[in-house]
Structure formats: structure tokens, C-alpha cells
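Novice: Those protein sequences? They're chains V and F, same order as listed. When the letters of the first sequence are read in order and numbered with this note's numbering, they come out as residues 1 to 386. When the letters of the second sequence are read in order and numbered with this note's numbering, they come out as residues 1 to 386.
If you're looking for bench data, these hints aren't it; they were derived computationally from the structure. Note that the structure is a prediction, hence the values are computed from the model and not measured. Some hints here could point you the wrong way.
To be verified - Below, computed lysine to aspartate or glutamate pairings styled on EDC-like, alpha-carbon distance capped at 20 Å:
1. V:Lys136 to F:Glu135
2. F:Lys136 to V:Glu330
3. V:Lys136 to F:Glu146
4. V:Lys117 to F:Glu146
2 protein chains.
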Amino acid sequence: MKRQRQKKHACVRTGVGMNQIYFDRLVKEIERQGLDAMLIAPSPDLGFLIGHVPLFCLRFQGLFVTREGDCFYVCNLLTADEMREVLPNKKVYSWFDGDGFIETTRQALSEHGLIGKTIGVSSAVRAFNLLEIMEKIDVRFVSARELCAEIRIRKTPEEASHMNRAVQIAVEAMERTIPQIRAGLYEKDVQDILVGHMRALGAEAGSAMVASGPNSGFAHYNSNTRQLQKGDTVLIDYACVYRGMLSDITRTFFLEEHGERQKEVYELVKKSVLAAEQALADGERWIPAIDRAARRVIEEGGYGTYFTTRLGHGLGYMPHESPDIKQNNERYLEPGMAFTIEPGIYMPDEFGVRIEDCLIMTPEGGFSILSGGLSKDCRVIGRAEA
Amino acid sequence: MKRQRQKKHACVRTGVGMNQIYFDRLVKEIERQGLDAMLIAPSPDLGFLIGHVPLFCLRFQGLFVTREGDCFYVCNLLTADEMREVLPNKKVYSWFDGDGFIETTRQALSEHGLIGKTIGVSSAVRAFNLLEIMEKIDVRFVSARELCAEIRIRKTPEEASHMNRAVQIAVEAMERTIPQIRAGLYEKDVQDILVGHMRALGAEAGSAMVASGPNSGFAHYNSNTRQLQKGDTVLIDYACVYRGMLSDITRTFFLEEHGERQKEVYELVKKSVLAAEQALADGERWIPAIDRAARRVIEEGGYGTYFTTRLGHGLGYMPHESPDIKQNNERYLEPGMAFTIEPGIYMPDEFGVRIEDCLIMTPEGGFSILSGGLSKDCRVIGRAEA
């Protein structure tokens, strides 16, 4: 029985239709990686590409892009006409709950010559859907998690300019926030003050993780519920958005005073950031070598066991983009890539220090520390006379 | 180098530790389905089982449960000590960003005799993680999407009682809301009134989708932005929570008046719900037959092409649980199963009608229409004299 598709769906569009530049880059990347096609499930990756992210319940759906530059969409009837509107002139294959998605998917793959071929999958694709396809249809899937990020990895001059603006807003907002931080405030209060300044300075959105005292010893602390006390280490990791591009900065302060060990750990982390930035200044572009330069400092200082994370990550429209800055990402930094350098020492239940700069590789082959205007010196804040 | 794990993580616990009843059922189900183990990624499924859902970024993590009744967790260093606290006496294998997760996962699988074995995966597992494991480790994965739902599929008498309470709250809230609905209100206003009544009556949470006029023609409408007008079809699909258990009901009304076609479609949908409930009363327990009983009515009425969804779905702690009520779910309803019956006719840009009841199979082999107290008769509402 032919079932009526749903003509229009009350969903919010995230963009303005197909991004042809991204699409062309994606097709090129599919070919470069030796794939026959790419499957992209609803996610920001899909939104950046086609300007829309439909609701993604457990029903299988996704955009298939072929190396020949064609594309088609497979989804449930509920989503079919919505996607038809988003992708005019492209084939949308829809399946009905009572039948399941396998036969429709088989037909779609068959019509596009993809039976027996190799398809890369984006990060949002669900394993159980894929396992069902692999069991019943002759097709090979491979992880292509970073392929969608790859098409956004080199920032255009315009994107670089927006990111720089986001970072300058963040830098200025922190300078305005510092004199307002004092013992007695809650972490959440500091967050609100900082986000308020970012918004007032023109950011479209802002967020902040404020980890004080023992909370700073947890790299992923995120509850912002503690009250600040004299002697606290105060680690602030924060971000804002300008024209879609993100900043990402961390600074760690000491409230009213610090002990010997806090100062020692701080200086070690600072030395580590500077070592990575010096390696860049010396012309190093190989990512594992930059990770090594920063990590060696902390290891030689005797705190290697507390540096539990990668050195940094790519940055752009999403808070974590490619390239990861870590020892097993064996690639070179290239013009237009934007990323963070954020070594840290995290001593659970004691304290932790992270210093995070936000950098971009310039078109000329150099690099710019976008957050360089915000001091990385050890700062004691919250004293009455301040 | 041995790296320091993160001792404690500021996360919200969702429960109170391992649910031993669920765990035992899960192990039995793993064996029944011929699997050697099950992999469960962070999700409500994991929360119901172990009482905690850690933050799930793109880094691979998950609980492996073996058919022998053992379990272990694999995660990044950032999450390791958090999970060690949640799973005392269980092995937690942690990996470092700079190394990736494959070697740690291989070691964990090897130590538990799972190399070469078959592992089921829950719905939250990401395909790209699994593809990487499958490429590098000798292990077979199969979709086991419904296995975690299976251990919750038969409601205990206590759960049944909580669900019944949730439904009775919802029924009473709707009766209080109906006299307040009138032309000029926005869909969002109706939502607020209804949710307010449910909260006032003791629900822990409530939600409502209000689709008026042409919006009712979209089965998944969800923006609640339109202003109600005389003659509108007003479709209200709403839910509340009592002690964790959900209700799920839909009723469709007509504002001040209705046309011939609205009435005709309404009566057809009502006849369809009643047909499914009559099939149950006649002793039918095979799910495809119940779907057929309801669907046949709408097909014979000439609107089959507009009944685009499954007939219903399981209900419990989550809005969509097992069993799906659809023609390709070839199983039988059993005591304790709770589910919806919700046929609909959706005519995009015109109007739509859905009537949804919430049912549970009783321990004695019968069934109870929990939402039976809320009339399914055609109701014209919003008239001044009402």
C-alpha cells in the first residue's frame, strides 16, 4: 500500500539549505579516503552540510553522499516530506514502521550502485542500525568519524576573523570578571558574571565551568555548586560564540593567597603551555611533537601521572572539532586549523591547574595565539585591595 | 606510564546503585538470546541497571555484562574512578587519550574470555566505535536493541500501580483543562494549563504536544506555536510521571464546531481504537493481529494511506519501551506488559485525529485500559456556554 508521507514538519531549520562548498569538499574527501560513499546521521555535522537537523528518534535515517557527488536520504515516513523539502531534486527513500527499514535501505543502496561497496559512517550513526544493515545487506561500513569535521578543518579568513572576535570578547569579559570574584560567591555566581559580560560584549551565547578548591582536581567537573573560600584554586574554563564560531579558554587563579605547592604546580603548567607554543614558534608542525613538548615539561617536573588528558583539540563551530592535539594523531598542522593547547595537572580531592590557549594557524604558515592577550602569569585575586 | 585516574566526578547519580533484579534478568536474557555478553553504553538503559549515567562524549565507554553474570567497564581515564565508585568490586579498565581505546578494550575482552565471541549492543552504542573494534579485535557484535528494555517489559505490581496513578492524574488533569480551552489561546497556553494541572495533582513532571488546525495533520508536530481558532481540530498528546512511571494519552477535540469530514475521520479513528481493544477482549494476544484489527478499520474506511505510523508502543520508565505494537513485531502480549494503542489519520496541511489509550496486561491474563475513564466520544469544546 502506498502510504501518505508527511508533507511538512514543524521543525526548526538550523541553516539555509545545502552548503555547496562543504558538499564539494566532502565528495573530494570521500574519494581521497578511498570510500564509495558516506552516511551522515542527524547531528550538527548534517546541519552544517544541508542546513537542517531533523528529529532523530531510534528510527533509522541518514544522508548518503556518494563519491560521484550524488546524495540521497533514507528515513521513516514521518520524516520523508520534511527531508524532501530540505533536499529538493534529491531522492528521499521512506519506510513504514510496519515494514522496518531494511528493504527500503537495500533498494536505495542498490539504485545507487552501492551494493558490495564501502561506506564511511559519521559519529552520530547508531551501532544497532548499522549491525542490522550489515547482517542483511552486502555492504561494508568503516569508521569515518573525522571526515565531516575534515571539511571544516581549515577556517576561511572570515571564520578566522569571527573566531578571533569570539576570543577577544572572552578575554575582555575575563578581565572584567576577575575584580568581581571574591570568597563567599558560589561557582555558579562566577559563571553568571562571566557569561553576562560575554553577552554584554556581543557574544551570541556563553558558558563557563568554574571549579574551585578540590573541584579543580577533576578535569571534567561540571556542577558549579561550591562556595568559594580563601586559599582556593579557581579554575575557569569558558567559551563564547560569535557568528557561530567558538572561543575556548581556561585560566586558573588563586583566591586571596596560595600555598607553595599551588604555586609550584601553576608554574609547571604555565611552563608546559609555553613549551608547546615555543615548539610552534620554532617551526614544529607535527602534532605528536607538540604534545610531547608540553607533556615532557610536566613529566620532568614529577607530575606526569596527573596530566591525564590529551593536550588539546580542534575548535570551530563545535567545541571539539578536528584536529585532536594528542600523541597518536600523526598529522601536521596546516594553515587555517584552529585548536587549543591546554595542559593540566589534576590531583583529585586536592586541587588542579589548567591553562588553555586558543590558537589558529595563519594563511602564511605561521600561527597566532588568539588568547595571548589574557595573561598566563600566576594571579592571586579577590583581595580587598584589588 | 601509570596515569592517575580521576577519583571522583561531579555527576548526578540517577539511582541507588546496581539493580540486582534487573542485572539477574539481563544475564538470563543474554543466555536466552544466545549471546556471550552485552555492551551497554551510557543511556537510561545503563542508569536503570547500575544507578548512574556518566557523561558520554565521543570517547568510547560502556558496561560489558557476560553470560556468566560477571561485568566490567571500559572507559577513558577521565571517567575511571567515577565508575569504580559506582561499581565497587568490578573491574574498570581505563584508557588514555594519547593511546586510544583499542588496546585497553582488547585486554578487557581477553581477560574475560570474550575474544572470538558474540556481543550484543544496546541502542546507545556508537557505530564508529564499534567499527573500529570490529576491525582490530576478533569479536562479533549483533544488534540487541531491545534486550535492555526486555528486562523491564513486565511491570511489577508496584510499577503497575504507579503507572495507573500517573494515568489517573492525566485523566483528571484533562477533565480540568477542557473547560479552559478556547479560541485565541496559543497551543503553548493549553500545554501550560494541562501540565500545571498534572503537577498540581501530584505528577513529578508533565509534557504535552498541542497540535491545532492543520498542525494536527503532522503526527510528530512539536512546536506548539499556533493560535487556536474556531473550527480547529485540537490534538493533544500528553504525558506525566508518577514515581518514575509514565502515562501516555492522546485525545482529539473540535473547537466550537466541526465539519462533516472532521466528524467522519474522528469516528473512524475511534472505531479503530475500539476494534483493537475488542480484539484484546476477545482474547487476542498476538501483536500483529491487534495492529491488523485497528488498521483494517481505517483502511476499509478509505483512509489507510493516512495511517502512517505503528499502532502503539511499550511504556514504562521511558516514553517508548518494548513491546512495539506493529505488524512486524511477531510476539504475544504477556501479563505485566504496558503499552499504547494509538491509531491516527494524518492529512498534512488539512487536519489529523489520533486517539491514544494506555493499557496494561493484568497478572491474571486479562488487560486493563488505564485511560478508559477519559471519554473517547467526539467532543466539541470551547463554546461560551461550556
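Novice: The structure should be examined with respect to each hint, and the outcome stated for every one.
Specialist: Comparing the hints with the structure gives:
no. : hint                 : verdict
1   : V:Lys136 to F:Glu135 : holds (19 Å)
2   : F:Lys136 to V:Glu330 : holds (19 Å)
3   : V:Lys136 to F:Glu146 : holds (18 Å)
4   : V:Lys117 to F:Glu146 : violated (29 Å)
The structure shown violates just one earlier hint, number 4.
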